[in-house]
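K.L.:
Sequence:
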Amino acid sequence: MSTFEPGLCTVTFRSLPASRIVELAAEAGLAAIEWAGDAHVPPGNGPVARDVGRLSEEAGLATSYGSYVAPPTDDLAAFRRALDCALALGASNIRIWPGTRQRDSKDYSASERLAAAAAIRDMGAEAARHGVTVSLEYHPQSLTDETDSARRLIDAIAHDNVYLYWQPRPGLPLAEALAEIAQIGQHVSHLHVFAWDADRKRLLLKSASDYWRTVLAAMPPSRWTGRRYAMLEFVANDDPAAFFEDAATLRQFLKR
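If you count by this note's numbering, then the sequence shown holds residues 1 to 256, one letter each, in order.
Keep in mind that the hints are not guaranteed to be accurate.
As the list claims (entries may be wrong) - Below, computed lysine to aspartate or glutamate pairings styled on DMTMM-like, alpha-carbon distance capped at 25 Å:
1) Lys-106 / Glu-58
2) Lys-106 / Asp-199
3) Lys-106 / Glu-146
4) Lys-206 / Asp-160
5) Lys-201 / Glu-176
6) Lys-106 / Glu-57
7) Lys-201 / Glu-233
8) Lys-106 / Asp-75
9) Lys-106 / Asp-122
10) Lys-106 / Glu-176
11) Lys-201 / Asp-122
12) Lys-255 / Glu-245
13) Lys-201 / Asp-239
14) Lys-106 / Asp-84
15) Lys-206 / Asp-75
16) Lys-255 / Asp-104
17) Lys-206 / Asp-155
18) Lys-106 / Glu-27
19) Lys-201 / Asp-155
20) Lys-206 / Glu-176
21) Lys-255 / Asp-199
22) Lys-201 / Asp-145
23) Lys-206 / Glu-233
24) Lys-255 / Glu-23
25) Lys-255 / Asp-51
26) Lys-255 / Asp-74
27) Lys-201 / Asp-104
28) Lys-206 / Glu-23
Since the hints were made in silico from the structure, they are not lab data.
Values in this document were obtained by computation on a predicted structure and should not be read as measured data.
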């Protein structure tokens, strides 16, 4: 059995209300939801966060907060607004974006990288005071858009409350995926799971069964000590039927 439990990122269903997403996740047998900060739980809206947190808790679903705070473009004050929302939601983890969004890591100077690492370190320390972990999105056009940059960033941050997510770039060959997780897997908290080809076409997760089974089996031990989630992110045609099929596939991978 995998150490990961199945979850869902709500960016998968931006147009659906939070109540319906909770119903879908519960019906699919998932364990957690990562709530999107640009859709369902906007920062600064405590009442909405508390209501969504209540719905999640009543359904037995753990929560993470998928913020779009992007240090150093966003400062500690912006992070605190998102953190307040995560706390109102009851989330134990907050996702942030490493570096300015839509900017390749290769375009950063050494001083800019140091500034980003320092800002993230401060955010990790602030979150730790409230018992919330910080996880960095692992994504194209960010400071985690390739493995060496991600490794250097997490080493420069050097804070035990800051972790990495991992997801494959669309079309990433399996051998390269395995090389990535071998390098940074010790820092990984959670996964974003999907099946996209190199042209970003969304496929059913079962089409990548061998890929994901191999990745999950190869994931090295992590310094992360909490519950770990492999969270579905995006499904074919934004279709709930495809979501249910993918959720069943994911649970089979994880034996949940």
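K.L.:
Does Lys-206 pair with Glu-23 here, judged by a C-alpha cut-off of 25 Å?
P.N.:
Roughly 23 Å separates the two Cα atoms, so the pair holds.
K.L.:
Measure nothing beyond the straight line between the CA atoms of Lys-106 and Asp-75; if it is 25 Å or shorter, mark the hint as holding.
P.N.:
Roughly 22 Å between the alpha carbons, so the hint for Lys-106 and Asp-75 holds.
K.L.:
Please verify whether Lys-106 and Glu-176 have alpha carbons no more than 25 Å apart.
P.N.:
Since the Cα atoms of Lys-106 and Glu-176 sit roughly 19 Å apart, the hinted pair holds (cutoff 25 Å).
K.L.:
Does the structure keep Lys-201 and Asp-145 at a Cα separation of 25 Å or less?
P.N.:
Within the cut-off at roughly 20 Å; holds.
K.L.:
Given the hinted pair Lys-206 and Asp-160, is their Cα-Cα distance within 25 Å?
P.N.:
violated, 35 Å
K.L.:
Between the alpha carbons of Lys-255 and Asp-199, is the straight-line distance 25 Å or under?
P.N.:
violated, 30 Å
K.L.:
Is Lys-206 within 25 Å of Asp-155, Cα to Cα?
P.N.:
violated, 35 Å
K.L.:
Between Lys-206 and Glu-233, is the straight-line Cα distance small enough, at 25 Å or below?
P.N.:
holds, 14 Å
K.L.:
Holds or violated: Lys-106 with Glu-57, Cα cutoff 25 Å?
P.N.:
Given pair Lys-106, Glu-57 is violated - Cα atoms ~41 Å apart, limit 25 Å.
K.L.:
Straight-line Cα separation of Lys-255 and Asp-104 no greater than 25 Å?
P.N.:
With Cα atoms ~37 Å apart, Lys-255 and Asp-104 exceed 25 Å; violated.
K.L.:
Just to be careful, I want the Cα atoms of Lys-106 and Glu-58 compared with a cutoff of 25 Å; is the pair within it?
P.N.:
violated, 45 Å
K.L.:
Verify the proposed pairing of Lys-255 with Asp-51, using a straight-line Cα cut of 25 Å.
P.N.:
Since the Cα atoms of Lys-255 and Asp-51 sit roughly 31 Å apart, the hinted pair is violated (cutoff 25 Å).
In summary, the numbered hints that this structure violates are 1, 4, 6, 11, 14, 15, 16, 17, 18, 19, 21, 25, 26.
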